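Colleague: Below, each chain spelled out in residue letters.
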Amino acid sequence: MRTARFRRTRRTSAVTLVSALTLTALAACGTSSSGNGSGGSEGGGSSDPAAPLDPKTKVTLTIDCMPPTAKAAELKEWKEDVAAFNKTYPNVTVEGRSTAGQCLEPPRFTAMLKAKSQPDVFYTYFTDLPQVLDNDGAADITAYVNDRSVPLLKDIDPDVLGSLKQDGKLYGLPTSNYTMGLLINRELFRRAGLDPDAPPRTWQEVRAAAKKIAGLGEGIAGFGEYSAGNTGGWHFTAQMYSVGGEVVDASGTKAAFNDELGKQVAENMHAMRWQDNSMGKTQLLKWGDLQKQIATDKLGMFLAAPDDIAYMVQQLGAEYENFGMGPIPGEKNTLAGGNSYMVKKGISGDKIKAAIAWLNYKNLTVGKGQFDWARTKADKLPVGIPQPNFWLNESKAKDDAARVEHATMPVANFKTFMDNPVAGKAEPPKAQEVYKVLDNVMSGLLTNKDADIDKLLATAESQVNQVLANQ
Amino acid sequence: MSAPSLTPSKAAPAPDSRPRPDGAEPPARPFARSLRRNLTAHGFLIGAVLCFALFSWYPMVREFFLAFQKTEDGQTTWVGMDNLVTVFNDPAFWQAWRNTLLFTVLALVFGFAVPFAVAVVINEFRHGKGYLRLLVYLPVMLPPVASVLLFKYLYDPGYGLLNELSGFFGLPEQQWLQDPDTAMLSVVVASTWMNMGGAALIYLAALQGIPGELYEAAELDGAGVLRKIWHVTIPQTRLILSLMLLMQIIATMQVFVEPFLLTGGAGPEGSTTTVVYLIYQYAFNFNNYGAAAALGLLLLVLLAGFSAAYVKLSRAEDE
Amino acid sequence: MSTRTLISPAQLARPRGKALYWVTFAVVVGGFTLVFLGPLYWMISSGLKDTQEVIQTPPTLVPGSFEPENYARAWDVMDLATLLFNTLYYAFGALAFQLVLDVAAAYSLSKLRPVLGKAILGMMLATLMIPAAVLVVPQYLTVLDVPVIERNLLNTPWAIWLPSVTNAFNIFLLKRFFDSIPKELLDAASMDGASPTRTLWSIVLPISRPILGVVSIFAIVGVWKDFLWPMLTLPDPAMQTLNVGIYSLSNGVPVNVLIAALTIASVPTLLIFLVFQRNIMSGLTAGGLKG
Numbered sequence: 001m002r003t004a005r006f007r008r009t010r011r012t013s014a015v016t017l018v019s020a021l022t023l024t025a026l027a028a029c030g031t032s033s034s035g036n037g038s039g040g041s042e043g044g045g046s047s048d049p050a051a052p053l054d055p056k057t058k059v060t061l062t063i064d065c066m067p068p069t070a071k072a073a074e075l076k077e078w079k080e081d082v083a084a085f086n087k088t089y090p091n092v093t094v095e096g097r098s099t100a101g102q103c104l105e106p107p108r109f110t111a112m113l114k115a116k117s118q119p120d121v122f123y124t125y126f127t128d129l130p131q132v133l134d135n136d137g138a139a140d141i142t143a144y145v146n147d148r149s150v151p152l153l154k155d156i157d158p159d160v161l162g163s164l165k166q167d168g169k170l171y172g173l174p175t176s177n178y179t180m181g182l183l184i185n186r187e188l189f190r191r192a193g194l195d196p197d198a199p200p201r202t203w204q205e206v207r208a209a210a211k212k213i214a215g216l217g218e219g220i221a222g223f224g225e226y227s228a229g230n231t232g233g234w235h236f237t238a239q240m241y242s243v244g245g246e247v248v249d250a251s252g253t254k255a256a257f258n259d260e261l262g263k264q265v266a267e268n269m270h271a272m273r274w275q276d277n278s279m280g281k282t283q284l285l286k287w288g289d290l291q292k293q294i295a296t297d298k299l300g301m302f303l304a305a306p307d308d309i310a311y312m313v314q315q316l317g318a319e320y321e322n323f324g325m326g327p328i329p330g331e332k333n334t335l336a337g338g339n340s341y342m343v344k345k346g347i348s349g350d351k352i353k354a355a356i357a358w359l360n361y362k363n364l365t366v367g368k369g370q371f372d373w374a375r376t377k378a379d380k381l382p383v384g385i386p387q388p389n390f391w392l393n394e395s396k397a398k399d400d401a402a403r404v405e406h407a408t409m410p411v412a413n414f415k416t417f418m419d420n421p422v423a424g425k426a427e428p429p430k431a432q433e434v435y436k437v438l439d440n441v442m443s444g445l446l447t448n449k450d451a452d453i454d455k456l457l458a459t460a461e462s463q464v465n466q467v468l469a470n471q
Numbered sequence: 001m002s003a004p005s006l007t008p009s010k011a012a013p014a015p016d017s018r019p020r021p022d023g024a025e026p027p028a029r030p031f032a033r034s035l036r037r038n039l040t041a042h043g044f045l046i047g048a049v050l051c052f053a054l055f056s057w058y059p060m061v062r063e064f065f066l067a068f069q070k071t072e073d074g075q076t077t078w079v080g081m082d083n084l085v086t087v088f089n090d091p092a093f094w095q096a097w098r099n100t101l102l103f104t105v106l107a108l109v110f111g112f113a114v115p116f117a118v119a120v121v122i123n124e125f126r127h128g129k130g131y132l133r134l135l136v137y138l139p140v141m142l143p144p145v146a147s148v149l150l151f152k153y154l155y156d157p158g159y160g161l162l163n164e165l166s167g168f169f170g171l172p173e174q175q176w177l178q179d180p181d182t183a184m185l186s187v188v189v190a191s192t193w194m195n196m197g198g199a200a201l202i203y204l205a206a207l208q209g210i211p212g213e214l215y216e217a218a219e220l221d222g223a224g225v226l227r228k229i230w231h232v233t234i235p236q237t238r239l240i241l242s243l244m245l246l247m248q249i250i251a252t253m254q255v256f257v258e259p260f261l262l263t264g265g266a267g268p269e270g271s272t273t274t275v276v277y278l279i280y281q282y283a284f285n286f287n288n289y290g291a292a293a294a295l296g297l298l299l300l301v302l303l304a305g306f307s308a309a310y311v312k313l314s315r316a317e318d319e
Numbered sequence: 001m002s003t004r005t006l007i008s009p010a011q012l013a014r015p016r017g018k019a020l021y022w023v024t025f026a027v028v029v030g031g032f033t034l035v036f037l038g039p040l041y042w043m044i045s046s047g048l049k050d051t052q053e054v055i056q057t058p059p060t061l062v063p064g065s066f067e068p069e070n071y072a073r074a075w076d077v078m079d080l081a082t083l084l085f086n087t088l089y090y091a092f093g094a095l096a097f098q099l100v101l102d103v104a105a106a107y108s109l110s111k112l113r114p115v116l117g118k119a120i121l122g123m124m125l126a127t128l129m130i131p132a133a134v135l136v137v138p139q140y141l142t143v144l145d146v147p148v149i150e151r152n153l154l155n156t157p158w159a160i161w162l163p164s165v166t167n168a169f170n171i172f173l174l175k176r177f178f179d180s181i182p183k184e185l186l187d188a189a190s191m192d193g194a195s196p197t198r199t200l201w202s203i204v205l206p207i208s209r210p211i212l213g214v215v216s217i218f219a220i221v222g223v224w225k226d227f228l229w230p231m232l233t234l235p236d237p238a239m240q241t242l243n244v245g246i247y248s249l250s251n252g253v254p255v256n257v258l259i260a261a262l263t264i265a266s267v268p269t270l271l272i273f274l275v276f277q278r279n280i281m282s283g284l285t286a287g288g289l290k291g
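Chains as they are written, first to last, in UniProt numbering: chain A, 1 to 471; chain B, 1 to 319; chain C, 1 to 291.
No lab work stands behind these hints: they were computed from the structure. Quantities reported herein were computed from a predicted structural model and do not represent experimental measurements. There may be inaccurate statements among the hints.
[As the list claims (entries may be wrong)] Over the 10 Å line for every Cβ pair with chain A, so calculated as not near, a few chain C residues:
1. Ser45
2. Leu95
3. Pro268
[Unchecked claim] Beta-carbon label-pair distances, calculated as ranges:
4. C:Ser180 with B:Ala316: 50 to 60 Å
5. B:Ala308 with C:Leu116: 18 to 28 Å
6. B:Leu102 with C:Val267: 31 to 41 Å
7. C:Leu205 with B:Ala316: 26 to 36 Å
8. A:Ala83 with B:Phe64: 39 to 49 Å
9. A:Lys76 with C:Glu69: 19 to 29 Å
10. B:Phe64 with C:Leu88: 53 to 63 Å
[What the hints assert, rightly or not] Once the Cα atoms are required to be at most 25 Å apart in a straight line, the calculated SDA-like pairs of lysine to any residue come out as:
11. C:Lys183 with B:Arg37
12. B:Lys129 with C:Ile130
13. B:Lys312 with C:Gly122
14. A:Lys380 with C:Glu67
15. A:Lys71 with C:Gly122
16. B:Lys312 with C:Ile130
17. A:Lys368 with A:Ala50
18. A:Lys455 with B:Pro91
In this text, a Cβ means the ideal position worked out from N, Cα and C, and glycines have one as well.
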């Protein structure tokens, strides 16, 4: 499970498909041979894609985002899950690949697609779909995914599955989903005389709370924001959504943030940074930096997805009890996204079936794999974080009950977040390019006391328009 | 430091070594012999030539093509000056050139003057030269990512050491990398620390080649230290100095790693966006290879002038 | 060695001159130690601090906490062993390729003098005129799909090794050196019936040791310090170099662990430098002028 979000839009046009096909024709043979040419010769599986994997089928499956050794508990669970999976499918070898850092970083991901070096089953963000299809990287698994291969299919939130579909075809299975909220440091809230059970709900309240927290001194910041590595633009987008704004207009061809709402967002942040001095001195931060600050009690609040908490506890040694969450301030819309696995295009039908069987066991079964909360608790990993949660109906009821039963952290800390759901909104087209441009707006606001907000927005607008025109 | 011997130990430079007609053996079949000789010779060359062809010459040609092409939906079409127009219309274009020039100028002030001054000073010492040389060159050997991230940490306006130091000396606190006005300067200082060792050592070697009599003669004319530097040291090392100057211009105009790692590339309000970073961004963030190549071509044209001057000068130095 | 320099010996011999000399000397030695070793001390000691102390204002000069396990954690979490191994593998591979192919080429151009040799040398030297940064994009596209052999070299060591051969400067250095080897020496060998390969191996190479040392240092340091190219061509975390690997993991670990990792990453080159400092520094001043 990881958290940095660089999402690409899920909008694509037929054009990308055509280009994807052309690219295949042009593509040279890669040096990486993983997954190529295993054909049907390996096993005795049925040729009907709708039939689930025949347990006798012998295949080897490479898959990325296996937990690295540093995440000992998660790795142990992975191995247990592989062993359990092999009880049903003894002839499937799951060959995991791990990354010491984040499973997915956009530049590396791009290069991987270009090199066609992705493993048979590869980890993606929801917004990666257009890029994957542009590079002809993922297999259409529509025919393989049904209530026989994924029994709980009907209980998976259709919005989440929709993120993995293009022109009605399914290209991936979700592992997690998120919506952004306001993550707070409860300890600092208490010390500043604020109520940690009532996180700020509007941007005015955020500003007032930030001022109080920054008043504690010791280099503590009240509210933090990113301004580099595309994450500045990502959060500018989240802030625009939160006040009901848009970043790109409905047609997908014009920038839409250079308006009153955009100005309001910009002015608010500039004022917090320079009038109130409540956003800390250190800027040009990117994903990971604010987490480090809040984990060491140097930051009061920032916009984040709930699973950041798991990251901070495991990697940065923070305590669960110290965090709480409220909905995104403004509460008009919130940026929504998630992660998934896709299957490499060109691998055999049996491999696709094996991949789906594994993903179903590991990520899509209530009470098993990642939803085995009893085990998660036993392994001292967090239980009780509200997301990922893409279940509906009775699966949701069952899963929610298990979460509460095995909770390792005060679930009440997330009550405000849970009780006030905000409508999710997908990211803009060409998200990464747009974010890159918007990084400059953020860094301008947060590093230049005399920033000319109109000029910042106007410059970014013209650059985003150029980016959107070039597609 | 003794100048390293780069000539073969045994001998003086030899003139042309074209195989001469062998006296003992009559040149019976000159053609066959020359063919064989050529085949062997090209056999020795072929590996390097292939590498050059694939990874140097071909990309050079491709750069020119890319600059005037656009690839859309797998179709490559000629678009004439479109890419250049795109590049010119980018609001970041002039900013990137301004930043690059600023970096170059600052890097010359620091990266050119400082190592020279350091070399002149070290050269005066009768003790500890080896130690000082070692110190100055030490950062050059560090992996760049270590030096750069270390500086990022030192520069941090919150917990960084530099603000603590400037507070100690009664200087106002700075935002260093975080302020559009000081970001580039901070990058240059870090870059100078990382890279000045090489230049300082080269100057040091050059200084040791200055005949002492020249200083004596200047002293007879009553020259002070500064006048001696101006009238003896600098003229005597002029050639090296100009070579290094050109080299530095060529290198600093291509700066990428330091701003990329220190400020994420663009920096506060785009104040550390350099031309090469813009090229990188076009190619690897925006997937627009045409624009990247067009901007690269502009940089190439500009730097070609400096490169030509450099080659001419280094020929002169060889003589 | 004590040649005459800027300040006359007479001036230095005077009491005032002597005092001034020692004061300047002390200031310079102290200042340089602070400027160049200070940050290194800071790096090593910050790697020992705990998470809170490392980001504390004001910073502490001597660590108040002592957590050497940060170093162990950095080693594990960032998988420094793999990164280190990769970097060495690429560096020495590149060295091998350059030593074999570039030496052969320079020898051929200098001593065997084939037809079109001058033109080939000219074209090689011309690449020095092209700024490396400009070539990165077309080179990257080439590596994605190498013409003729139609291979994608991304995520393979070849992406580092083969382009490293196109080092015109090293070829130039080597050729200039070979040019100065007296032909009598080689003629004598060929009279004895030695083939060009044999001549190269048993006569040319042994007397070329100094230049081979210089070229080797350039080759290794070049790969060791490179950042942009390996970042683009080796995206797979299991294949990354030390520079790129640490950079891409830098925001996923606490500050103290990151700094410990930086310290570890600096050790190998510092050791190499301290051991070979004479060769490195003399090689640099000899060859660096043209680089």
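Colleague: Against each hint, give a clear statement of whether it holds in the structure.
Modeller: The hints, checked one at a time:
1. Ser45: holds, 18 Å
2. Leu95: Leu95 (chain C) clear of chain A: closest Cβ-Cβ about 23 Å, beyond 10 Å.
3. Pro268: holds, 19 Å
4. C:Ser180 with B:Ala316: 50 to 60 Å: Distance hint for Ser180 (chain C), Ala316 (chain B) is violated at roughly 19 Å.
5. B:Ala308 with C:Leu116: 18 to 28 Å: Holds, since Ala308 (chain B) and Leu116 (chain C) (Cβ atoms, about 24 Å apart) stay within the stated range.
6. B:Leu102 with C:Val267: 31 to 41 Å: holds, 35 Å
7. C:Leu205 with B:Ala316: 26 to 36 Å: holds, 31 Å
8. A:Ala83 with B:Phe64: 39 to 49 Å: Given range 39 to 49 Å: violated, Cβ gap about 57 Å.
9. A:Lys76 with C:Glu69: 19 to 29 Å: Holds, at about 21 Å.
10. B:Phe64 with C:Leu88: 53 to 63 Å: violated, 37 Å
11. C:Lys183 with B:Arg37: holds, 16 Å
12. B:Lys129 with C:Ile130: violated, 37 Å
13. B:Lys312 with C:Gly122: holds, 14 Å
14. A:Lys380 with C:Glu67: holds, 24 Å
15. A:Lys71 with C:Gly122: Distance ~55 Å between Lys71 (chain A) and Gly122 (chain C) Cα, so the pair is violated.
16. B:Lys312 with C:Ile130: Holds, at roughly 15 Å.
17. A:Lys368 with A:Ala50: With a Cα-Cα distance of about 23 Å, the restraint between Lys368 (chain A) and Ala50 (chain A) holds, given a limit of 25 Å.
18. A:Lys455 with B:Pro91: holds, 11 Å
Checked against the numbered hints above, the structure breaks hints 4, 8, 10, 12, 15 and satisfies the rest.
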